[in-house]
Amino acid sequence: MAEHGATAAHPKDYHAAKMGMWLFLFTEILLFGGLFLLYASYRHRFPEAFHAGGQTLDVFLGALNTIVLITSSLTVAMSITALRRGELTRCLWLLGFTIACAGGFMVNKTIEWSAKFHHGLIPGSEHMLGLPQGQSVFYGLYYAMTGLHGVHVVIGATVLAWVMLLIRQGKVTAQDYVVLENAGLYWHIVDLVWIYLFPLFYLIS
Amino acid sequence: MDQTDHQSDDLTTRPFFGPKGSGGPGDKGLGPASWLFSTDHKRIGLLYLGLIGLMFIAALALGLILRLKLMTPGSTLLSPQEYNAMFTLHGVIMVFLVVIPSIPASFGNIFLPLHIGANDVSFPRLNNFSWWLYVTGMVLAITSIFTGSGAPDTGWTFYVPFSERTTTNVSLAVIAVFILGFSSILTGLNFITTVHRLRAPGMTWKKLPLFVWSLYATGWIQVLATPILGITALLIFAERVLHLGLFDAARGGDPLLYQHLFWIYSHPAVYIMILPAMGVISEIIPVFARKPIFGYNMIAFSSLAIAFAGSLVWAHHMFTSGMSDTAVLIFSFLTFVVAIPSAIKVFNWLSTLYQGSISLDPPLLYALGFIFMFSIGGLTGLVLGSAGTDIHVHDTYFVVAHFHYVIFGGTGLGMFAAMHFWFPKVFGRMYDHGRAAWAFWLVILGMNVLYFPMFIMGLQGMPRRYYDYLPQYGPMQMVSTWGSWLLAVGLGLMFWNLYRGSRYGPAATKNPWGGATLEWTLPTPLPHEAFEGDPSAPEPYDFKGVNPDG
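From first to last, the protein sequence lines stand for chains A and B.
With the first letter of the first sequence counted as 1, position 157 gets the number 157 in this note's numbering; the numbers rise by one all the way through.
Heads up, this note's numbering is the position in the second sequence plus 1000, with the first residue counted as 1.
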């Protein structure tokens, strides 16, 4: 019977819910995978341009954002433990902190992008067209990959806020917490993608 | 044959309404909302079937108009721009709205849970959501035709640099493709989880019907390949709207990389298209040969092998694009490898038929049509997969013929076979067998008259997608168009026969063909809750003591 879905004791099939989420995470990795493939190919073709491009990125801001996201991954994991122990208030605070981290990350990102725009690095602009070939591709990839990642940060934070609401409404509880667990898994993938993006763009110079 | 048997119009003989008081959707009335927001896998399957049918007819009409234009050389019927838009729409609608979802989303949804003894899929609400994504993608795709500055004219492959520069409504079309991909992913994810988690006790992996195996393999391709289509579509959108220049050669981008990304999805996608049809054929052949399937293990394994090897062959679409000779050699070799599991299936089906007690009912006719057409399509695929010959026929009508033999002759006939096989179980009535056979012969004749001349024209050098052609191709273009009319008449007869059957056909019995899989143990039409308690898992291809009733 172990393989046969929900049982009387567990009306929800936790294994199925987790399996579905993991399959979805595979698709997220492959979605970014297409871009990583482009990155690998172009970096192989334009090593100097990528080196020069990397030097224009702010390692401090990038490192700060890395710390922010890793911390938020920790707090989301702690929130799951808190919920399972029935410590609702602590769970909600930890989730709130996670969402705040997401906000901080996005503020940071906005500062970075604004600075780039300020220097005329706007996609499709005359300035970008005038850059050496490889650098144009470098910034194109930079905007595409960190942009898509930023969209995922916003989606992840929204999902966590929604789960907070469900917890407050008593629909996600110490006994029935798979929704939070899956939301946490999603947040980890957002973190994980950044952990690859950071060295590939900021630390290659 | 008189088939005006109006014997019962009460709800219980219509599909899936369930007896009153069962707590099923029947109790919630029959209004549109009870269908549109249904989480019942059977209703969702029917919703898909309806829309897929509608889209099929729309894209078929476009194809017929294209053939009519090509009947004679010169500028007739359509302007070149209209012609470009029309073959693009024919391709986009057929590929993304018809063939990709075809069998899995309709019959897969209805019968995968029943085959494994479950009352629904693992995530019923997600299932409904994926149908709504399909609807959204469909609406956006259709909107892209009538809004902006003209219908997309890139061909369904959206190749750069043209797709970045054309002023037609490509941006909206690729967003539609992205959303349709999402829908496909969620269906695949749902099926994989369902097969892992909801098999009835005793339903071991080796007792799974082969249709389930094929859907399981398809599910993995959907989950692992479709995201690449998603990012490719998003990149086209970003290139057009944000001008990132990632594929723009003037700025260091490489259009060839677009082709790689596109085919990393779109080649595995043809296995999303064909595997479920192979699953249907594996169900039908043993039932009508009254023999256990030959080589169950190898058929199941070959589905997984196709899914795996099929994801490694994408660049055989690019032999003339400017890759290195080494790459061409490797992808050519891998393409030959993937032919092996396909051939395994064909030989196993033929071995099942050998010395069987064959009854040539309509489902088997369509299944045999599949084997015939797929074999021609598959073997000509080897001509394309071998680098030397591909240089000669690349981007000619030969490719068009090959593709339509495999996808229309294969997946299309597989879908029609499924429709004739499961029709009585789904609609609770039976269609006219004689008319179904007539329709089959017209369809198969039409297909061959339509597509076979294209092989010859391709070998003679007729390029695909061209608006006009040299006079030397005139006679065969003419014959090909006649074939399209034959095919249309056959399909019209087939659909009309099925429609009539669903309205006025005699009530179907529980197991009209004598199938041994679980759905044939259920009442006809299917009740809302299929199984009360866990059914015991049968041997799916053991016909001892199982006979057609009625």
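Keep in mind that the hints were calculated from the coordinates and are not lab data.
One or more of the hints may lead you astray.
In silico lysine-lysine, BS3-like type, Cα no more than 30 angstroms apart, as pairs [as the list claims (entries may be wrong)]: (1) B:K1510 <-> B:K1206; (2) B:K1069 <-> B:K1291; (3) A:K12 <-> B:K1544; (4) B:K1206 <-> B:K1544; (5) B:K1510 <-> A:K18; (6) A:K18 <-> A:K116; (7) A:K12 <-> B:K1291; (8) B:K1544 <-> B:K1510; (9) B:K1207 <-> B:K1069; (10) A:K18 <-> B:K1207; (11) A:K12 <-> A:K116; (12) B:K1069 <-> B:K1206.
These numbers come from a predicted model, not from an experiment.
inquiry  = Run through the hints listed earlier and report the numbers of any the structure violates, in increasing order.
reply    = 2, 3, 5, 6, 7, 9, 11 and 12
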